[in-house]
Amino acid sequence: MSINYVSSGRQSFDDLCRVQASNTVTAPAMKKYFSALFVLLPIAAAFFALAPASAAQTDWIRTGTGLGVERVRIAVPDFKTPSTSNFSQVFDQTLFNDLKNAGIFDVVSKSLYPLAVPGSPAEIKLDAWNAEPVNASMVAFGSLSSGGDNSSGTLTVQGWLFDARNSQSPQVLGKQYSEPASEESARLIAHRFADEIISRLGGGIAGIAESKIYFVRAGGRNKEIWQMDYDGANQKQITRLGSISLSPRVSPDGSRLAFTTFARGGPDIAMYSLELGRMLSFPRFGGANLSAAWTRDGSKIAFSSSMRGDTEIYVVDSSGSNPRRLTTSRGPDVSPVWNPKTDAQIAWVSGRNGLPEIFLMDADGAGVQRLTEAGYAVSPSWSPNGQFLAFSWNRKYGPGAPGGQDIYVMDVATRRFIQLTHGSGTNDFPSWSPDGRHLVFQSTHGGVDHIWSMLADGTQLHQLTMSGRNSQPNWSFK
Amino acid sequence: MRNRRQSIFDERESWQGPVAVSTTLHAAFFVLILMYGAYLSHLPHESWGSATASSGDALSVSLVSQAAIPLPRPAVQTENIVANDSPGLTQSKPKEIPVPEPLAIPIPAREHTRKPEKIREKIAVAAASTIRDTYRAPPPRESNVVPFGRGGPVDIPYKVFSLGGSAAGIGTPSDSGFGSRYGWYVDVVRRKVSENWLKYEVDPAIQNARRVFITFDIQRNGQPENVQIEQTSGVPSLDVSAVRALQRIDTFGPLPPDYSGRQVSVEFWFEFKR
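Protein chains in written order, with the working numbering: chain A, 630 to 1107; chain B, 7 to 280.
Mixed in with the good hints, there may be bad ones.
Claimed, not checked - Simulated crosslink set (DSSO-like; lysine-lysine; CA at most 30 Å straight-line): (1) A/Lys865 to A/Lys729; (2) A/Lys729 to B/Lys205; (3) B/Lys205 to A/Lys970; (4) A/Lys1107 to A/Lys1025; (5) A/Lys709 to A/Lys754; (6) A/Lys754 to A/Lys841; (7) A/Lys1025 to B/Lys205; (8) A/Lys841 to A/Lys804; (9) A/Lys1107 to A/Lys804.
Think of the hints as simulated: they come from the structure by calculation, not from any bench.
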């Protein structure tokens, strides 16, 4: 770690010069200004006294690139608890995994930790954590206690985050949580504390530990929408329509879920309230209506519809009123997705040139540009900061061509792309996490369709679903 | 006549004597030096840093990574004071225009000899030009010359260091600024800017360039503001990529809650090497 920072006031030096200049009085004028000097001196003294105060108004940081962009090395010892309970194991494991999955930490293996488990700031010896072999720059520690027995009572957690290299003022974070004692609240508290740490050390980007992933699970002849935590835990069924439901898209506030349903015959856009737990009314436009997409402000929905013959992109208000057509060319136009940063651009898949390709246009349908030049590209997903498009692409598509369907990420401004998945299986339906550091996607890597997640650079692959056939994941906005 | 001249030329001065004296003297001097050296080596003395030294251990200085302390900055060379953006050491002054003296007030007794309208005209013109010249003179500008050694903000990372075995150490002063109190926040800033800097935006022909220095303020809520190029690298595409890196960042995260200041100023350099 080699940062340097100097906090000094440039102003103070200039002030000093100015004060000295005002004190310089020539010899002949000395007598004349002698009395004036007595007036001047207290003013100068006051100036000196004020100068540090004014310099302290703006602290300076001086730093730069080329100092190494290493990840934060963080140690997460088990939280101190009076008696080892099931809760503490769940809590420790969840907190450890959350920080490990965050993508910005280098979590030190627990086998390297000192034997003494710190439970409070008084008990921690930072030297031991700072030195080899732990060599951590941050330590997250605390204590966990469950009042009463395991079924009733409250679960109280005190957590601290300490900067191990700063012996003067090490505390970065201190939190206390209290929830009814259960395994679920142990997980919840761990998620919240992890999110706090990630937000503090990750530059203000909120953690994703409390975000949800919606996906389609096939059971028998039906497909229903399911929900799970970002790490694959707590899988719950949402819709029970007894038919085929596809392409779930959760609203930015997390209250509604738009999806494609076959319950009423042809594919139609349906709306489900996650708060009320029931279907909401949404108009039927006729023809096939597919793949809804929310704007970031939640006011509009784009979808593809064949209500007037050819499949085109339409935009409606979130209530379903006021439909407007955006695309006009022949050939299918499907899978629209908004630029979440501005809501001013739409990327979508168009088959106007034969094979499906990713296109880009303004939100009013003007300024159409093609992003992919060759192959078979589908299912775009726009990163939360508006910078990247993730999509599924078979670059060498055709009879006998050696290509595979893989996840790619493209920088929208420069059209540069990188391939994230390699190897066997078909990978499709990428969806960005709210922090823009992760992607969830569907892969046949193990033979059957399952939901996987990875960091946005293609590392740290995790299989999230283990049973059934699961597809079309969609990560919530927060 | 001829013989005498020959005899003059045949006369040879003997040089063997002086050469012998000179050689002897040199040899004697050399022997003296050797003897003096031998004499000195037998005097009592200390051999520094050797393993068999009688007193004084070898000093081992080990760096430990603690919070940085603001030691006085080194006398860093200013990066080419002529070619940077400061206006320079001298300033041009506006040309001084002599103010014409106002005409004398006319004496009533001689009034008949001059035409009063013309005098009044001249006075008005003179007064007007005086006023004009007064207002035309630009206000004095503050000198913004960069003092030598304070222009190039190149700092060497100072760390607390301790002398092995000895009790003496250098402690951090109690009022040691933002960087040492919230080192983790400085880390966050550095990491976040580095993440958002896309090096492929730089002109592909550039192999390496001088540092570009960007200054900006971080507000309490973590937003960067007042992004400015403090010193250009001389490569326009590098300057633009550095500014864009800052523009991509919405927030660094709120400033530490217990920090009392309203904002923090940051000077950030971008070092490009291919």
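Here is what the structure says about each hint:
no., hint, verdict
1, A/Lys865 to A/Lys729, "holds, 25 Å"
2, A/Lys729 to B/Lys205, "holds, 27 Å"
3, B/Lys205 to A/Lys970, "holds, 22 Å"
4, A/Lys1107 to A/Lys1025, "violated, 36 Å"
5, A/Lys709 to A/Lys754, "holds, 15 Å"
6, A/Lys754 to A/Lys841, "violated, 38 Å"
7, A/Lys1025 to B/Lys205, "holds, 29 Å"
8, A/Lys841 to A/Lys804, "holds, 24 Å"
9, A/Lys1107 to A/Lys804, "holds, 22 Å"
Of the numbered hints listed earlier, those contradicted by the structure are 4, 6.
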